[in-house]
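Undergrad: Chains as they are written, first to last, in the numbering used here: chain A, 11 to 209; chain B, 257 to 434.
Think of the hints as simulated: they come from the structure by calculation, not from any bench. Every residue gets a Cβ at the ideal spot worked out from N, C-alpha and C, and that includes glycine. Hints are supplied without guarantee of correctness; some may be wrong.
[Said to hold, decoys possible] Sample of chain B residues at the chain A side, in silico, Cβ under 8 Å:
id, residue
1, Arg277
2, Glu279
3, Cys290
4, Arg307
5, Asn323
The lines below spell out each chain.
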Amino acid sequence: LVVDTLEITWLLQAKQGDNEAFTRLVEQYQTPVYNLCYRMLSSVEEAEDAAQETFWRAYRSLNKYDVQRSFITWLLSIAAHYCIDQYRRRKVPVVDMDMFAEETLPDPSPTPEKEAGRLEEQRFLHRLVAGLPAQDRAAVIMRYWYDFSDEEIARALSLTVSAVKSRLHRTRLRLAQMWQSSQPEIVDPERTEYESPAF
Amino acid sequence: MNHQPFETWIVDQIVMSADQRSELEAHLLVCQQCIRLQHGWQSVNRQFGARQMVAPTPGFTQRFMVNLEQRRVEEQRTQARKFLFFLLLGIIGLSVLLAGGLVLTSSPADWLAALLGSFTQAVVSLARVERWLNLVVQILPPAVSIGFWILFTSTLSLMGLVWMTSLWRLSTQGAQTK
């Protein structure tokens with residue numbers, strides 16, 4: 011996510027109306043933008059639309075963008091705001107479970123049980139994240155998928171740094187409690203693999 | 257039982273001093289709720305550690321370029337429609353204003369008289385122009401007259417064509433902005 015010279019050249023060219031340069035930026039940042047949209051909306055189709063909309067909005071507002079700022083932070087801020095709006099508009103949350111299964115990395119030495127357990131844990135975490143309020147979800151995604159600092163998250167989501175800290179704390183607490191209360195059989199590290207829950 | 261500051265220490269992963277660490281360990285020996293919270297957070301954090309970036313399906317950039325072109329055309333059309341709408345609104349507004357002024361300053365009999373007067377004046381002016389044109393055609397030598405008429409009609413046709421093309425472009429593409 012480092013802004014390099016080539017990227018600045020593309021940005022300057024794109025700001026002057028060079029569509030080819032903007033295409034290179036889309037090529038470069040399609041995955042982070044799409045990933046954020048997907049994590050926010052939990053639907054492949056909606057994530058594609060949201061990512062396309064993000065780049066269109068960026069294209070239209072490019073003259074307002076300050077090249078001194080991080081382009082990816084600016085892009086992800088547009089994506090997050092758009093996804094938060096979309097999420098608030100819809101009434102029923104969508105969770106695309108097939109995609110969660112496809113995205114996970116294969117275990118180098120999997121036993122069927124371990125692999126199934128790992129996939130189940132991944133899916134469960136995604137279900138928990140998908141159940142968070144939109145802005146808390148955006149903050150968590152920015153922190154854990156993009157390693158954004160509190161300040162970067164605050165800037166991207168138009169919040170104060172203290173609000174971000176408090177949201178992240180509240181969300182971590184909630185995720186930990188939900189995880190523990192909903193999946194005790196998976197997550198108790200004190201218990202050995204074959205030990206009965208009764209002990 | 258008070259779970260603070262232990263909850264914060266567990267989930268916010270702050271760097272703890274040796275004393276704080278001992279304090280937390282002592283608390284975890286007696287507090288089932290905090291033990292469960294710690295186990296829960298460790299599991300969640302482990303899953304975050306194995307996070308993956310999901311990529312879009314291949315051809316995202318190409319789809320964006322097609323989308324971009326369609327949106328630009330649509331935006332230009334919207335802009336053109338807005339321009340024509342406001343132009344029409346301006347003309348209607350001006351007409352209403354003039355009509356309002358007329359209603360307030362004169363009677364319907366006056367408007368009718370003025371309208372008839374203007375119509376008569378227009379007919380008389382047209383007849384004058386026709387007479388003047390006939391005179392010009394008669395005075396000028398025939399060769400010059402033909403050349404003039406060719407030039408005159410060509411210019412008028414060209415201007416009409418340019419005007420129609422401009423209107424067509426404006427209504428379909430809008431004003432080009434960079």
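Undergrad: Would you mind marking each hint as holding or not holding in the structure?
TA: Going down the list of hints, with the structure as the test:
no.: 1; hint: Arg277; in the structure: violated, 18 Å
no.: 2; hint: Glu279; in the structure: violated, 19 Å
no.: 3; hint: Cys290; in the structure: violated, 10 Å
no.: 4; hint: Arg307; in the structure: holds, 5 Å
no.: 5; hint: Asn323; in the structure: holds, 6 Å
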